[in-house]
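Line by line, the protein sequences are chains V and B.
Quick note: the first sequence uses my numbering, first residue 6, plus one each step.
Quick note: the second sequence uses my numbering, first residue 6, plus one each step.
These aren't lab readings, by the way, just hints derived from the structure by calculation.
The reader is advised that the hints may include incorrect statements.
Which copy is meant is left open, so a pair is good if it fits within one copy or across any two.
Below, a list of computed lysine-lysine pairs in the PhoX-like style, where the Cα atoms sit at most 25 Å apart [as the list claims (entries may be wrong)]:
id	residue 1	residue 2
1	Lys143	Lys113
2	Lys266	Lys224
3	Lys113	Lys276
4	Lys224	Lys304
5	Lys304	Lys207
6	Lys262	Lys207
7	Lys202	Lys267
8	Lys262	Lys152
9	Lys195	Lys166
10	Lys239	Lys288
Since the structure is predicted, the reported quantities are computational estimates derived from the model, not experimental observations.
Number of protein chains: 2
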Amino acid sequence: MLGVTILGNNSALPAFDRHPTSQIVTLDDQLFMVDCGEGTQLQLSRYRIRWGRINHIFISHLHGDHYFGLPGFLNSISLLNRENDLHLYGPAEIMPILDLQFAAANSKLAYNLHFHPLKEEGIILKTDRVQVSCFATKHRIPCFGFKFEQVKPPRRLNPEKAISHEIPANFYERLKWGEDYTNKKGEIIKNELVTDKGIAPKSYAFCADTVYDEELIDKVRGVDLLYHETTYLKDLEERAAARFHTTTTQAATIALKAGVKKLLIGHFSSKYDKLEIFEEEAKEVFPNTSLAIEGVTYKA
Amino acid sequence: MLGVTILGNNSALPAFDRHPTSQIVTLDDQLFMVDCGEGTQLQLSRYRIRWGRINHIFISHLHGDHYFGLPGFLNSISLLNRENDLHLYGPAEIMPILDLQFAAANSKLAYNLHFHPLKEEGIILKTDRVQVSCFATKHRIPCFGFKFEQVKPPRRLNPEKAISHEIPANFYERLKWGEDYTNKKGEIIKNELVTDKGIAPKSYAFCADTVYDEELIDKVRGVDLLYHETTYLKDLEERAAARFHTTTTQAATIALKAGVKKLLIGHFSSKYDKLEIFEEEAKEVFPNTSLAIEGVTYKA
Chain V
6 MLGVTILGNN SALPAFDRHP TSQIVTLDDQ LFMVDCGEGT QLQLSRYRIR
56 WGRINHIFIS HLHGDHYFGL PGFLNSISLL NRENDLHLYG PAEIMPILDL
106 QFAAANSKLA YNLHFHPLKE EGIILKTDRV QVSCFATKHR IPCFGFKFEQ
156 VKPPRRLNPE KAISHEIPAN FYERLKWGED YTNKKGEIIK NELVTDKGIA
206 PKSYAFCADT VYDEELIDKV RGVDLLYHET TYLKDLEERA AARFHTTTTQ
256 AATIALKAGV KKLLIGHFSS KYDKLEIFEE EAKEVFPNTS LAIEGVTYKA
Chain B
6 MLGVTILGNN SALPAFDRHP TSQIVTLDDQ LFMVDCGEGT QLQLSRYRIR
56 WGRINHIFIS HLHGDHYFGL PGFLNSISLL NRENDLHLYG PAEIMPILDL
106 QFAAANSKLA YNLHFHPLKE EGIILKTDRV QVSCFATKHR IPCFGFKFEQ
156 VKPPRRLNPE KAISHEIPAN FYERLKWGED YTNKKGEIIK NELVTDKGIA
206 PKSYAFCADT VYDEELIDKV RGVDLLYHET TYLKDLEERA AARFHTTTTQ
256 AATIALKAGV KKLLIGHFSS KYDKLEIFEE EAKEVFPNTS LAIEGVTYKA
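With the rest of the complex left out, here is chain V:
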């Protein structure tokens, strides 16, 4: 399952119990953090997300509402005696800030923090389950979006057939990942005999903060789930452009032109109390749109 859990759906100024940007992308048992606004560690606790499962953090850009929660999160998992390595991907300028903070506190993390500066568009992480790439968006400062692509979805085991071929249960997990089974007589049971094709690989794209930018269309084309910011409603197109943000109608237009399956909208301006109209406006252009609501997980 590829999904995204929203921890913060608001723009810079917190309001109406909405928080600055952070998301957890879940792929089976692996969690990936995308942005880490102030209070993210509290949101993780509120929604009972397992901190120890997060091994990769992606920071889109260095406006505070996207990373001011990072030093606190890095400290807290150290206090919790994390031992596993942690990988951080973000603009190069983030490390000198963190280094000064660690030095001022005379503190050393309990784990290894590996920093991967974002320099150009392309693949930044590849495991046997997922590929993550970054792409530039157009914002007031350098900013990257992230695309998560499931590379090898598991096949579906047919337990009756596996039993009939006398394959032991402790081999089932390997069957799901496409392996053939060789029995004690040396006979090879082809994987296709006991499994069916898995679900199609899923994909999710996070467009960070951006002005309306048709160059994004190719970058997110055909993803199952697209997150696009909608800081403003459609009547504030000029303000959105001046502040390098996007309106509801514009975000839905990107989704439509990119042929994505589903659109998720967020990064709402603090000037808006009610959010329903965001969904209504976006749906006029792209019907399969959802509001990004904190605490909710959206499947790709």
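Chain V is fixed; fit chain B onto it per the hints.
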């Protein structure tokens, strides 16, 4: 009225909906922020504290749970178009961190931020209403406590006498602050004729993070309200010492030996869910003790 409102009463790792350290000291209509842990801006909103009234921020030391909310707060009041100058007092190392953050965001604050590095013990702010001094505490890194002393409490106006001397109502505020009134005939109405002595000046001392340290006794002697950390219960005296923190019994001993009127305890370790026992243990030594509860204001 001199009072302190608790915004965060927990130690480094947030837990049980308790937040890292921040307090608002209120003197009449003036607000002073003491420490600014992550999420302080959200706590200010939750408790409906007027951000615009805060003109002075005091940071005790650079462990993250005492200042990771500061950059977000400084940004947010800028987005709210603050125009008044803001004064920040803290360890010198804080400004290079803030400067890097502002540079990375390519942002400029909407107001003037004046930084006053804490170097040695002594008076750091003096207005016609309050004097603030800092004093060293013993912690793992350099750390300062702060003492707030009301310097000139208002006199109490006797309205009947003021009327009988034909003093106009728009002069009453000046009467409270001790001025004599000169009427149209050139006669001087001595202030003492129409006012009574005000309440005694109040004082509050915040001891930040510290190991048990008898040198603090003279520094906070006789204050009306003393905040002292109690990270641990009395059975963990060794752990407290090793981590440069204090137990309940130790904090109450400082309060007793310093002859303060009231003790407020906080900075509770995340290992404790229930807090009642902190109060019980401290009261065994110093009966007039209160737990620092978030959202509650304690009068000096």
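My question is about Lys143 and Lys113: at a cut-off of 25 Å on alpha-carbon distance, are they close within one copy, between copies, both, or neither? between (36 Å within a copy, 20 Å between copies)
Within a copy, between copies, both or neither: where do Lys266 and Lys224 come within 25 Å Cα-Cα? within (15 Å within a copy, 66 Å between copies)
Between Lys239 and Lys288, at a C-alpha cutoff of 25 Å, which is it: within one copy, between copies, both, or neither? Answer is within: at 12 Å inside a copy they meet the 25 Å cutoff, but 60 Å across does not.
How would you label the pair Lys262, Lys207 (within, between, both, or neither) given a Cα cut-off of 25 Å? For Lys262 and Lys207, the Cα distance is within 25 Å only inside one copy (19 Å; across copies 67 Å).
At most 25 Å between C-alpha atoms: does Lys202 with Lys267 qualify within a copy, between copies, both, or neither? within (24 Å within a copy, 71 Å between copies)
Could you place Lys113 and Lys276 in one of the four classes (within, between, both, neither) given a Cα distance threshold of 25 Å? between (40 Å within a copy, 21 Å between copies)
Regarding Lys304 and Lys207, is the shortest C-alpha distance of 25 Å or less found within a copy, between copies, in both, or in neither? This pair counts as within: shortest intra-copy Cα distance 9 Å, inter-copy 58 Å.
Tell me, please, which holds for Lys262 and Lys152 at an alpha-carbon limit of 25 Å: within, between, both or neither? Within one copy, since 17 Å is at most 25 Å while 62 Å is not.
Are the CA atoms of Lys224 and Lys304 at most 25 Å apart within a copy, between copies, both, or neither? Classified as within: same-chain Cα gap 20 Å, cross-chain 59 Å, threshold 25 Å.
Status of Lys166 relative to Lys195 across identical chains (alpha carbons, at most 25 Å): Answer is within: at 12 Å inside a copy they meet the 25 Å cutoff, but 105 Å across does not.
Taken one by one, the earlier hints all hold for this structure without exception.
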